[in-house]
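If you read the sequences in order, they're chains X and W. Position in the first sequence (from 1) plus 2 gives the number in my numbering. Position in the second sequence (from 1) plus 131 gives the number in my numbering.
No lab work stands behind these hints, which were simulated from the structure alone. Wrong hints could be hidden among the right ones.
Said to hold, decoys possible - To be clear about the criterion: a stretch of chain W counts as covered by chain X if any three or more of its residues have a C-beta under 8 Å from a C-beta of chain X, and this derived list gives those stretches: (1) 161-172; (2) 183-192; (3) 197-211; (4) 278-289.
What the hints assert, rightly or not - Straight-line alpha carbon distances no greater than 25 Å define the calculated BS3-like cross-link-like pairs of lysine-lysine that follow: (5) W:Lys-174 <-> W:Lys-150; (6) W:Lys-153 <-> X:Lys-95; (7) X:Lys-30 <-> W:Lys-150; (8) X:Lys-95 <-> W:Lys-306.
These numbers were taken from a predicted model, which means no experiment stands behind them. Cβ coordinates follow ideal geometry from the N, Cα and C atoms, glycine included.
Listed here are the chains, written in short residue letters.
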Amino acid sequence: MTHQHFCDSGQSSILDYDLDVLRPFAMKIRNNLTASAFNEMAYNFSKAGMENLARTRSHVWFLSRFEPVVFVCCINLCICYTGKYANLNECPKCKTSCLDKSGQARCTFSYMPLIPHLHVLMSNRTYTTCLQYHANEHTKTSTRMPGMMTDIFDGLHYHLLLGEHVVVGD
Amino acid sequence: MDHHDITLGFATDGFAPFKKRKHTAWILLIFNYNLPLDQHFQKDNILCAGIIPGPKKPWDTDSFIYLLIQELLELADGVSTYDALSSSLFALHAYVITGFGDIPTVSMLMHMKGHNGSCPCRMCEIQGIGILDLQNRTLYMPLSRRDHPKPMDVIEYHLARLPLHSHDSFMAQAKSVLSAPTEIQ
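With the hints as extra help, turn the sequences into a complete structure.
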């Protein structure tokens, strides 16, 4: 089950034109093509309608609407300026400033948010059908073979915790 | 458990992107355990929550995973999501049921001393012992310490009855570390 499988499963609303842009981009990501190699290809295959990297990127962003959240972090990787450090301008460990003279961040950490990711996955019918494994399939197999470990869900600790409520903020 | 609930696993590990294995970057991975068994760890089904850039190991990892924890707290409360199967909105709950990694990773996440500490194991309280006449500071963890010249508290550990850590013993140790007068202690 690959992403290509998800895309080709017939229910996606991705247009052919979008796929023409996405395929070269997927090739770049899979094969670690450099930006210059990609742009050179775009130049050579411009008659076939291949876009350059900047245009491809913005097209992919338009389709996915998925953006990493960029945070400033210490240049020596001591801390990321989040939580209790959010209001600091200087690293408490190595005393270096987080911004350079022109006010730009000296080092950044890109965080890929989980919730938008799950939103997109849950709206995909093929993926959500696969997710039903835990609810339907797994319970069947474990009743068939009692006492046998087939999965993380067969663990004793997991079953003990199932009877309890999740308490947030202990 | 609702059939919509998602069980997640969290793992992180350092990797050296270059041939000279001097610099490391740290990757934060999320696994979805609701998928069929053979697809848990397929590359396409692993969610990457971020890469802590190198070249050094982070001093305070908590500040990097802070954002992830915030989102997981939100997910524990429930997030309104569209379900493709029933074409309706529902409250998506997702819980991390396991976190794993190798010894350096787990010791980093749990603020332990790592594999060269005097009590290196994350599961049990086995004490490491050194070789007396060498300048070597590596510690070893044999089960039997009968032949070691130094007097020991425990002469022999039994495999089936290792002194396991408990949540309370961890918290007591963390408190004593916090109240230690010097950084070395």
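Hint by hint, here is what the structure shows:
As drawn, the stretch 161-172 of chain W meets chain X at 8 residues by the rule of a beta-carbon pair under 8 Å; at three or more, the given contact holds. Counting residues of the stretch 183-192 of chain W whose beta carbon lies closer than 8 Å to any beta carbon of chain X gives 9, which reaches the threshold of three, so the coverage claim holds. Coverage of the stretch 197-211 of chain W by chain X holds. Counting CB-CB distances below 8 Å, 11 residues qualify, and the rule asks for three or more. Taking a C-beta to C-beta cut-off of 8 Å, the stretch 278-289 of chain W contributes 0 residues in contact with chain X, too few for the three needed, and the coverage statement is violated.
For the proposed pair Lys-174 (chain W) and Lys-150 (chain W), the alpha carbon gap of about 23 Å is at most 25 Å, so the pair holds. At most 25 Å may separate the alpha-carbon atoms for a hinted pair to count; Lys-153 (chain W) and Lys-95 (chain X) meet this at roughly 22 Å. Restraint check for Lys-30 (chain X) and Lys-150 (chain W): satisfied, since their Cα atoms lie roughly 22 Å apart, inside the 25 Å limit. Straight-line distance between C-alpha atoms of Lys-95 (chain X) and Lys-306 (chain W) comes to about 21 Å, which keeps the hinted pair within the 25 Å bound.
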